[in-house]
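So the sequence lines, in the order shown, correspond to chains Y and E.
Our numbering puts the first residue of the first sequence at 53, with every later residue one more than the last.
Our numbering puts the first residue of the second sequence at 3, with every later residue one more than the last.
Treat the hints as calculated values from the structure; they're not laboratory data.
Being a predicted model, the structure only gives us computed values, none of them experimental.
We put the CB at the ideal spot given by N, CA and C, even for glycine.
Among these hints, one or two may not hold up.
[Stated by the list, open to error] Lysine to aspartate or glutamate pairs mimicking EDC-like chemistry, simulated, CA-CA at most 16 Å apart: (1) Y:Lys175 x E:Asp84; (2) Y:Lys370 x Y:Glu427; (3) Y:Lys83 x Y:Glu73; (4) Y:Lys401 x Y:Glu426; (5) Y:Lys87 x Y:Glu104; (6) E:Lys23 x E:Asp84; (7) Y:Lys83 x Y:Glu426; (8) E:Lys50 x E:Asp218; (9) E:Lys62 x E:Asp84; (10) E:Lys128 x Y:Glu104; (11) E:Lys126 x Y:Asp251; (12) E:Lys65 x E:Glu146; (13) Y:Lys308 x Y:Asp143; (14) E:Lys125 x Y:Asp251; (15) Y:Lys151 x E:Asp268.
[As the list claims (entries may be wrong)] Here are some of the chain E residues that sit facing chain Y, going by a computed Cβ distance under 8 Å: (16) Ala137; (17) Leu150; (18) Asp151; (19) Phe155; (20) Ser158; (21) Leu170; (22) Asn173; (23) Asn200; (24) Ser201; (25) Thr208.
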Amino acid sequence: MSEEFVITGIGVVSPAGIGKEAFWDSLINCKAGIKDIRCFDTKNKKSRLGGEIRDFDLDAVLPDKRFRRAANVSKYCLASAKFAIDDAGLDSTKWDGTKVGLVVGVTHSAINYSREFHAALVKEGPLSASPMIFSDSVLNAPAGNTSIAFNVKGATHTIVGGVPAGLHAISYAIKIMKMSNLDMCLVGGAEELDSLVFDTYSRFGLLSPGDRFQIYPQGEQGEGMKPFAIDRNGFVIGEGACVLMLEKKKAAIERKATIYAAISSIHTAMSLTTENCSGICNDIPDAAGIYLSTGANGTANDSTEAKILKKEIAKNGKPYIGNIKPIVGECFAASGIMQAASAAIVLCKGVIPPSTIRHNLIPEIQWVRFNRFEEKVKIKTAIVSSIGLEGEGSFLTLKRQT
Amino acid sequence: MKHRVVVTGMGIITALGVGKKENISGILEGQNAIKKIASFDVSGYRGKTGGEISGFNFSKKLKQLKPSRLDRATKLLLTSIDEAVAEAGLLNRLPSNTPVILGTTLGGMLSGEAYHRNIVSGKKAKPSLLLDYLAHYQAIHIAEEYGLDSAAFTISNACASGTNAIGLAYNEIRAGNAEIALAGGYDTMCEFTFAGFNSLQAVTQTLCRPFDKNRDGLVLGEGVGIIVLEEMSCAVSRNANIIAEIIGYGESSDAFHITRPEPSGDGAGLAISRALTCAGVGASDIDYINAHGTGTPYNDAMEAKAIQKIFGNASQNIPVSSIKSMIGHLLGGAGAVEAVITVMAMNKGVLPPNINYQTPDPDCPLNIVDKSEQPASIKRAVSNSFGFGGANAAIIFQGAA
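One chain only, chain Y, in its complex shape (with noise of 0.2 Å):
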């Protein structure tokens, strides 16, 4: 790919801060934003936490009466584009808008709004049926909303995936800029929290259990992600939304813009295995330079994704490794993206947070190196790893540009 485009805006709306100086300071300080869930009833349930954002007004950020009856998800997208192209410098009313595309991953998209216009159906018949809310609860509302609000006119779409659709997305935007010879791509996922979706992963075993008389710290027994860990037992329900400002290299060092990192290259597979994951990170001679922002979400494949990165990289060395999963919860298809973001940052600020994957390792991922604090080290490469439940994900490499 050759690092023809590069990330030159973040934007980011998680349960650990909205923005990106606030998302990047609950890194830091490892702050997680996993909460006893509010906005539905978890009474009887077998889990109670959830990565929830709260206190968030879209108004304060897009004051803009089009967006205010919008799913939470497509708020939380709109959000995100809007910090993605402020951070980047750019203004979009000043741009010629049919050279600018939009890519956004999804995985349940609007299924609180899904769920009510289908539960009024049902209990009440066609005439309940709500024009408004039909018309922003279908997958690609997010985007749709998103393309209207900053005049994105190049190509708007919405991929549809698991945990590695915000990679997938990315993968995507790449290619539309080539394809529609587009200056600039906006890309992101987009998830928000919903009682369906949390009976549905707890029904199937998913979720983090925990238990209702006793409240335990995280990283402890109990409820709580574990990526990684021996005695990991599923993933706690995240959401929110991160969004990132893709350009093309050249044009963004003419125009003087920060550039995080270069997309280095990505690599999709339905079903990954050490097999056909060989090769995906030849160029990197000293793993000391690495940077891993994983994806492990404490389910299965967890250790797949460690036996991967550890046949590609061990040989040359210990990389780094974080994972932002504790910290903003399981968020699908904004969860690649998020990573991504954080990565790029990593790389662009030379700073390492602090690890959060420490006690009770698996063995196929201790030969890495976890840092206790943060460190000043001016990293290389960030590999972005994401495994879908059906043992679908990407690799993608971003590379220091500074």
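Dock chain E against chain Y, hints included.
Quick look at chain E alone, frame taken from chain Y:
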């Protein structure tokens, strides 16, 4: 040097039937497949009709998947993919690195609906209904069944999804990232969407009559269209039957409204002009336009404007039709099914008619194909797709000869 991309296999299911033969004969004869909806009670709705697939029996023997765990959407897909792959001569020989790229708006919504209906009514809901509900699972299941370990992409850009999926596959092969790709679109008839489009008052209470002055809405349908795309020299070297060539694809977005199209047609026009530029052909090189033509007042007026802008004077001569008049609007399946029909009509040298067209609309001064079985020499054809949220796409096919 960009690679050339050809079509070597196609599969289709619509309300007209299962398979290419029934569909193309039905379409070219101008058969109306729209009937009163039978799969759920429509007494409370304004519109009552749709293009439902009746008598579909899933008979495929599965190697990896369990039929009881699959949504109707996946069963339709598996059937169509078999048809397409068999035509391409790749049955049981599909290379494992073949990417699957599908477009949909609903995924396995029928299963989701059934599950949620039980939850809302306080009944027991089978968790197995959720195994094929989310919209990316159909592509995952296809990859599993056919042993494909490359990427499975699901695109959901409303009613443009099917064309986007074929466009992405075209682009992947063109750029040298794949030699063979499986692409298409699908959606099923479910009450969720039916209620939604009714609430938006977008559904006709009479007939779907695209571009007619008295058009008053769309009619929903269901179905699947699948295309096997192949790099030309790869197809030639294995002596595959080359059905058509894909020569251009273009896309854009409106940035206008979440359900209404941008009325000037500039967004749609940009997608068409990008497709023409990509193909390196001019407006006068196009012999047929398979329109998005939903039959809603907004879409058709906008599309007519876009066609006029891009094709200029030629827009009065180029035959235009929308097959949605016969099979309904297949949402995520629309672009894919229309691509299959466009290619078949091109090879047969017969124009698909735009049935129910009676009164010309001065706002849509196009050469609408108002009679069936009209022969025409179609060398190159454009197929348009536009969707909610302002997604626009256009793709250009060229006869294999």
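For the pair we were handed, Lys308 of chain Y and Asp143 of chain Y, check the Cα-Cα distance against 16 Å.
holds (15 Å)
Status of the Leu170 of chain E interface restraint (C-beta, 8 Å, chain Y):
holds (7 Å)
Straight-line Cα separation of Lys83 of chain Y and Glu426 of chain Y no greater than 16 Å?
holds (13 Å)
Holds or violated: is there a CB of chain Y closer than 8 Å to the CB of Asn200 of chain E?
With Cβ-Cβ at 7 Å, under 8 Å, it holds.
Measure nothing beyond the straight line between the CA atoms of Lys151 of chain Y and Asp268 of chain E; if it is 16 Å or shorter, mark the hint as holding.
holds (14 Å)
Between Lys65 of chain E and Glu146 of chain E, does the CA-CA distance stay at or below 16 Å?
holds (9 Å)
Just to be careful, I want the Cα atoms of Lys50 of chain E and Asp218 of chain E compared with a cutoff of 16 Å; is the pair within it?
holds (14 Å)
Could you check if Leu150 of chain E really has its C-beta closer than 8 Å to a C-beta on chain Y?
holds (6 Å)
Hinted contact Thr208 of chain E with chain Y - closest CB pair below 8 Å:
violated (19 Å)
Is the Cα-Cα distance between Lys62 of chain E and Asp84 of chain E 16 Å or less?
holds (9 Å)
Would you mind confirming whether the straight-line C-alpha gap from Lys23 of chain E to Asp84 of chain E stays at or under 16 Å?
holds (15 Å)
Pairwise hint evaluation, Asp84 of chain E against Lys175 of chain Y, where the allowed Cα distance is 16 Å at most
With a Cα-Cα distance of about 40 Å, the restraint between Lys175 of chain Y and Asp84 of chain E is violated, given a limit of 16 Å.
Consistency note: the structure conflicts with the earlier hints numbered 1, 10, 25.
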